[in-house]
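Given the sequences, and given the hints that come with them, work out the whole structure.
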Amino acid sequence: MRKTAKEIIVDVEEHLTKSNKRYYSDFYVGITNDIERRLFVEHNVEKKSNWWIYRTATNKTAAQSVEEYFLNKGMKGDTGGGTDDSIYVYCYEITNLTKE
Numbered sequence: 004m005r006k007t008a009k010e011i012i013v014d015v016e017e018h019l020t021k022s023n024k025r026y027y028s029d030f031y032v033g034i035t036n037d038i039e040r041r042l043f044v045e046h047n048v049e050k051k052s053n054w055w056i057y058r059t060a061t062n063k064t065a066a067q068s069v070e071e072y073f074l075n076k077g078m079k080g081d082t083g084g085g086t087d088d089s090i091y092v093y094c095y096e097i098t099n100l101t102k103e
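So the sequence shown is numbered by the numbering used here: it starts at 4 and just counts up by one.
Please note that a few of the clues may not be correct.
[Unchecked claim] DSSO-like, lysine-lysine: derived pairs with alpha carbons at most 27 Å apart:
hint : residue 1 : residue 2
1    : Lys6      : Lys79
2    : Lys51     : Lys24
3    : Lys51     : Lys79
4    : Lys102    : Lys76
5    : Lys6      : Lys51
6    : Lys79     : Lys102
Derived by calculation from the structure, the hints in this document are not laboratory data.
Structure follows, in structure tokens:
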């Protein structure tokens, strides 16, 4: 189900409360067109043991808005990535095994 930027921000903020980390800088945020490849292969996030979340945005503009919101809060990541079909917003807790 596709969500607006505002809805995704609420979902991520709620999910953050389930992590044992306290700072936005302990997390990475990004956008992609292939969530499985980007999150679980390229960033090396473990599906079963790591803290992570992703949501499908209504379009790339909404996805970028969410990304910029959390980058401004202090999360790791960068703007300018993704392609025209990058509608997935993802966030994960940075560990010594994840790749940023």
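Status of the hints after comparison with the structure:
Of the pairs offered as hints, the one joining Lys6 and Lys79 holds, with about 22 Å between alpha carbons and a cut-off of 27 Å not exceeded. Among the hinted pairs, Lys51 with Lys24 is consistent with the structure: their alpha-carbon atoms are about 18 Å apart, no more than 27 Å. For the proposed pair Lys51 and Lys79, the alpha carbon gap of about 22 Å is at most 27 Å, so the pair holds. Annotation: proposed proximity of Lys102 to Lys76 holds, straight-line Cα distance about 21 Å (limit 27 Å).
A hinted pair counts as satisfied when its Cα atoms are at most 27 Å apart, and Lys6 with Lys51 qualifies at roughly 25 Å. At roughly 11 Å between alpha-carbon atoms, Lys79 and Lys102 fall within 27 Å of each other, so this suggested pair holds.
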